[in-house]
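The task is simple: from the sequences and hints, build the whole structure.
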Amino acid sequence: MDLLRFITAGSVDDGKSTLIGRLLYDSKSILADQLEAIERSTKNKDNGEIDLALLTDGLRAEREQGITIDVAYRYFTTPKRKFIIADAPGHVQYTRNMITGASNASLIIVLIDARQGVVEQTRRHSIIASLLKIPHVVVAINKMDLVDFSEERFNEIVKDYEGVAQQLGLKEVTYIPMSALQGDNIVDASPKTPWYTGKPLLQFLEEVELNQDINLTQPRFQVQFVIRPQTEDLHDYRGYAGKITSGIYRKGDAVVVLPQQIQTTISKIEVAGKEVEAAFAPQGVVLHLADDIDISRGDSIVHVATQPKTASEMEVLLCWLDEKPLQQGNKYLLQHNSRLVRAMVRDIAYKLDVNTLQQQPVEGGVKLNEVVKATLKTASPLVYDSFEELNTNGAAILVDETGNSTVAAVLLR
Amino acid sequence: MSTYRLDYLQQLEAESIHIFREVAAQFERPALLFSGGKDSITLVQLAKKAFAPGKFPFPLVHIDTGHNFPEALEYRDWLAKEVGAELIVRKVEDTIKAKNLTEPKGKFASRNWLQTYTLLDTIEEFKFDACIGGARRDEEKARAKERIFSVRNDFGEWDPKLQRPELWNIYNGRIHKGENVRVFPISNWTELDVWNYIKTENIPLPSIYFAHEREVLVHEGQLIALSEFITIEETDIIVKKKVRYRTVGDMTCTAAVESEATTLDEVVNEIKATRISERGETRIDDRVTEAAMEDRKKGGYF
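So the sequences go chain by chain: C and H. Each step along the first sequence adds one to the number in this note's numbering, with nothing skipped, and position 85 is 86. Each step along the second sequence adds one to the number in this note's numbering, with nothing skipped, and position 257 is 247.
Hint data in this document are derived by calculation from the structure and do not stem from the laboratory. Any given hint might turn out to be false.
Once the Cα atoms are required to be at most 20 Å apart in a straight line, the calculated PhoX-like pairs of lysine-lysine come out as [as the list claims (entries may be wrong)]:
id, chain 1, residue 1, chain 2, residue 2
1, H, K189, H, K39
2, C, K374, C, K325
3, C, K374, C, K134
4, H, K131, C, K29
5, C, K325, C, K368
6, C, K81, H, K262
7, H, K131, H, K81
8, H, K39, C, K269
9, C, K29, H, K38
10, H, K151, C, K325
11, C, K275, H, K167
12, C, K172, C, K81
13, C, K275, H, K262
14, C, K134, C, K172
15, H, K39, C, K275
16, H, K189, H, K262
17, H, K81, H, K45
18, H, K189, C, K368
19, H, K167, H, K117
20, H, K38, H, K189
Beta-carbon label-pair distances, calculated as ranges [what the hints assert, rightly or not]:
id, chain 1, residue 1, chain 2, residue 2, range
21, H, N143, C, Q168, 42 to 48 Å
22, C, E324, H, A263, 47 to 53 Å
23, H, K81, C, D354, 55 to 61 Å
24, H, I193, C, E324, 41 to 47 Å
25, H, T253, C, T198, 32 to 38 Å
26, H, E248, C, W196, 47 to 53 Å
For each residue, glycine too, the CB sits at the ideal point set by N, CA and C.
Written as structure tokens, this is what we have:
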């Protein structure tokens, strides 16, 4: 069985909670006692039907303020796949939470209210999907019941969104007309949309091809932890524990350790203490090298033939996630997977308007939720790929060394 | 399926192993909170695999309420020896005496909430900077929102509004002195995933996870084991039933379920068929208020 992580983007008004509730309910992931609790809450309302939105009800702190403040993770399984939903708040001020949820997603459901069509928020969510390179986009045109399941209205919205998708370079976009409230085109094809020939949402989620999402051609591995038991029988054992983030490693491969630039070969690969001939992403492994080399946490071991960039100065896109603004010249800690280096933000070239994608000048500091193009200078070299090309080796975070908080998402170029 | 593709359980395992290695590398004094339950048993298995053939790199810490199932304690001692880990036990009983705390009263008086005091004292005593726990996001709605690396302040408190963004698989474990990170490597696992993993890996479990005969008190539909820790009244209905435990916590606040399952396969089949959630069926303490877990976490709980 396979695993699909996806994110739902939209506000409460788009019916996001109802859609998630519907998926959980129709996939029978809601158990009797949880349902009873919902029924109890629903009885206070006028209509007799269960309020599916209550299934994703959050913390008391949120209920008191009537808002969603953070990503919630939800789980359901069908006979074909296990699903992890990152249920992220849609409002502009919570963009950083959406980025948190989106960073691990291979699919995004962008919700559109059929009455409203493509709005500013749709664009913002789609831009995040495009920046973070989420491979699959589902445009869920919801509340079709409120526009009489009109094919014309559906086509109109599809046409509008195609413009957005083209501008953003979103390649794999699927449009589904639905009513989460009434269950149309969620699990079964709806008789009310005979003109729609595509799959209902759940079937699409079960069948979307994920094999291409992991890159198996450019091997990347960073050392997380050096295993040295130093016991009598394992006296000389020295293994490099880490995760293969892309590609395949085989015993005997010619590799280079970066940034040291030292060539050697892989003498042994272990997975959970057992020797294997080959290992692949996203496996956690222990690599052994033929030569004694001084290697520590954060160093990369890659194939000689397909090497990443090694540099101390690079262009990046920064999504600013902190209340304290970024000023040109500020210094931070940069964490690139397991590698931690000091970094300075040198030039800030422009700010990206997340509604229009236009480049704008930066005046004053960079504020929370803004996206800027900048140049970073690091104290020691990074071994990386452009996020665009190989996202698993092209992402990093900036950490405020005095406050310890994560202040930016970094997309390396 | 391609040869170079992991199934969902292997993907979850890889994610957890990555998290374990980050903890070992980023912190000076990490500890693994061990309750004797299936989730913490799964953590131990994952940690073994993450660091093999090296030494098990964390002590096992048990915050002992004194209300344990004897089978769980026996298993705990066996497992610590088996993996060669240091076992640290700190008793809630001692905290109650030392700090003049009030013993909870009532029919099923639970020391569950008091564990927080003992946990925070233990963290201070050993200067633990990271505590690894077996909480899962599918268990409960407060847990559904907590990060994998969850930073707690000097008082162990969780603030849902001040969580760090947690991006990709990059974990920021930097903290100030006195702060502490709770790490949840199996955040993305469901109850069924844990059982499937235990089955796949053939991990031994305490015997109470399998069907056995037991005298139980029937209370509001839940089956509670007879023990010296609960108050039994004349009007109570006591029956002998074949039961197993779906979770293992305190004897005072964990209910049993009727079962015929004596093997892992049978347990997994029963879990697949159940229509009641894990916490709903087995945890008496969660029924008190709807926000019970949210409140406890904000107060420094696991």
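Could you work out which earlier hints the structure fails to respect and list their numbers in ascending sequence? Those not satisfied are hints 7, 9, 11, 12, 13, 17, 18 and 25.
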